[in-house]
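The chain contents come next:
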Amino acid sequence: AQKVTQAQTEISVVEKEDVTLDCVYETRDTTYYLFWYKQPPSGELVFLIRRNSFDEQNEISGRYSWNFQKSTSSFNFTITASQVVDSAVYFCALSEAGQAGTALIFGKGTTLSVSS
Amino acid sequence: SQTIHQWPATLVQPVGSPLSLECTVEGTSNPNLYWYRQAAGRGLQLLFYSVGIGQISSEVPQNLSASRPQDRQFILSSKKLLLSDSGFYLCAWSRGSSGANVLTFGAGSRLTVL
Chain E
817 AQKVTQAQTE ISVVEKEDVT LDCVYETRDT TYYLFWYKQP PSGELVFLIR
867 RNSFDEQNEI SGRYSWNFQK STSSFNFTIT ASQVVDSAVY FCALSEAGQA
917 GTALIFGKGT TLSVSS
Chain R
-3 SQTIHQWPAT LVQPVGSPLS LECTVEGTSN PNLYWYRQAA GRGLQLLFYS
47 VGIGQISSEV PQNLSASRPQ DRQFILSSKK LLLSDSGFYL CAWSRGSSGA
97 NVLTFGAGSR LTVL
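Residue numbers (the numbering used here), protein chains in the order written: chain E, 817 to 932; chain R, -3 to 110.
Possibly wrong hints are sitting among the right ones.
Pulled a few chain E residues facing chain R out of the computed Cβ check, cut under 8 Å [stated by the list, open to error]:
| hint | residue |
| --- | --- |
| 1 | Arg866 |
| 2 | Asn868 |
| 3 | Phe907 |
Sample of chain E residues with no beta-carbon within 12 Å of chain R, all distances over it, derived [said to hold, decoys possible]:
| hint | residue |
| --- | --- |
| 4 | Asp834 |
| 5 | Val835 |
| 6 | Glu842 |
| 7 | Glu875 |
| 8 | Ser881 |
No lab work stands behind these hints: they were computed from the structure. Ideal Cβ positions, reconstructed from N, Cα and C, are used throughout, including at glycine.
Could you put together the complete structure from these sequences and hints?
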């Protein structure tokens, strides 16, 4: 069965600190996709990144970086030098190949609070 | 470019009253459409998805129903709301039918049932 676990419910940091949001997933498929979404206080979910199961290269986009490790079934998200605008709920999600969004399973989210 | 509209943004309804939330997508054709619910302190739960007009799949049996009367219109309804229907409802769309497709979400509708 598919499952996404975000064990950190809430994280609080001070501006300029680095922070890592953990995501552990379970799936029986060999082909699958992992996503991160950001939900700012306004409520709308914003897509951040998609990774397929065959690409374990880490990715960096500005202050954001993602570490995908199939050996530990993890897809962690790091924000470097955090800013107040990073305060949001972050969701990790999993979907299996060949299926529509029915298979997009979300974790329960991690609420990140960045104070100045 | 594609845009997704969802309304109303906020709704306060008494228990037992009906519900209608609307979602429309512009700038694309034959999108896959989804309704998710986010209850307080919980993740996103998929309620319904649709791959075409009149085609609705329900993921969780409950007090809600969905319809897709037009290609780019998706409606979430209830005949009689329950307290447990309170939550944040998000409509989303994607292209195609692959798990690789990114979901784009609307701004959400916050429903409070009193």
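Legend entry - Violations among the numbered hints, reported as their numbers in ascending order: none
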